[in-house]
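Novice: Sequence:
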Amino acid sequence: MSALLLSSCSGFSPEAREIVGVYYNNELSDDTPVLELNDDGTSVMRAIKPDVLTIEVPGTWNVVNDSLVIDNDVTRMVTVGDTSVLGDVATKYSRLITRHDELSLTLAKDGIEYLYHRKVTPDKD
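Each step along the sequence shown adds one to the number in the numbering used here, with nothing skipped, and position 15 is 202.
Hints are computed from structural coordinates only; laboratory data are not their basis. Honestly, I wouldn't trust all of these hints.
Unchecked claim - Using 20 Å as the maximum straight-line C-alpha spacing, the simulated SDA-like pairs for lysine to any residue come out as follows:
(1) K236 with F199
(2) K236 with S271
(3) K279 with N259
(4) K279 with S216
(5) K279 with K306
(6) K279 with A234
(7) K306 with V239
(8) K236 with N225
(9) K236 with P201
(10) K296 with L283
(11) K279 with N225
(12) K236 with S200
(13) K279 with T262
(14) K279 with R233
(15) K279 with I242
(16) K236 with E202
(17) K279 with D218
(18) K296 with T278
(19) K306 with T293
(20) K236 with S216
(21) K279 with T229
(22) K279 with D258
(23) K236 with L283
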C-alpha cells in the first residue's frame with residue numbers, strides 16, 4: 188500500500204507534499220477539521236457555523252502556482268443542521284499560500300489571511 192501512496196503523491200509539487208495534513212480553525216471548532224488535504228490527492232472541506240450548520244464537501248486538491256486549489260464535488264456534499272442558511276458552495280476553491288510549516292498553513296484571498304492549524308499526531312513506535 189505504501190507504494191500506492193508514494194505513486195499517488197508523485198504528481199504533487201514539493202510544496203504540496205509539505206502541506207498534506209488535517210487543518211483546524213480554532214475559532215470554529217477544535218474537534219472538526221475545516222480542511223483535510225490527503226496524500227492521495229483527495230480532500231474534504233468543511234464550512235462550520237457552530238451550533239447551526241456544518242457542510243462537508245469531498246474533492247481533489249493540489250498546489251498550482253503557489254496557490255492551494257481544491258475542486259469540490261458538490262454532488263457528494265453532506266449537510267448537518269439548519270440548511271435554510273445554506274448558501275452557494277463553490278465547485279473550485281483557490282487561495283494563495285502565504286506561509287506554511289509543520290504546525291500551520293496560512294492562505295490569503297483579497298488581502299485577507301486565514302490561519303489554519305495542523306493536527307499533529309505523535310509518532311507511533
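Novice: All hints, please: hold or fail.
Specialist: Now for the hints, and whether the structure bears them out:
| no. | hint | result |
| --- | --- | --- |
| 1 | K236 with F199 | 32 Å, violated |
| 2 | K236 with S271 | 12 Å, holds |
| 3 | K279 with N259 | 6 Å, holds |
| 4 | K279 with S216 | 23 Å, violated |
| 5 | K279 with K306 | 24 Å, violated |
| 6 | K279 with A234 | 14 Å, holds |
| 7 | K306 with V239 | 24 Å, violated |
| 8 | K236 with N225 | 24 Å, violated |
| 9 | K236 with P201 | 33 Å, violated |
| 10 | K296 with L283 | 7 Å, holds |
| 11 | K279 with N225 | 17 Å, holds |
| 12 | K236 with S200 | 33 Å, violated |
| 13 | K279 with T262 | 13 Å, holds |
| 14 | K279 with R233 | 14 Å, holds |
| 15 | K279 with I242 | 15 Å, holds |
| 16 | K236 with E202 | 30 Å, violated |
| 17 | K279 with D218 | 25 Å, violated |
| 18 | K296 with T278 | 17 Å, holds |
| 19 | K306 with T293 | 14 Å, holds |
| 20 | K236 with S216 | 9 Å, holds |
| 21 | K279 with T229 | 14 Å, holds |
| 22 | K279 with D258 | 5 Å, holds |
| 23 | K236 with L283 | 24 Å, violated |
Checked against the numbered hints listed earlier, the structure breaks hints 1, 4, 5, 7, 8, 9, 12, 16, 17, 23; every other hint is satisfied.
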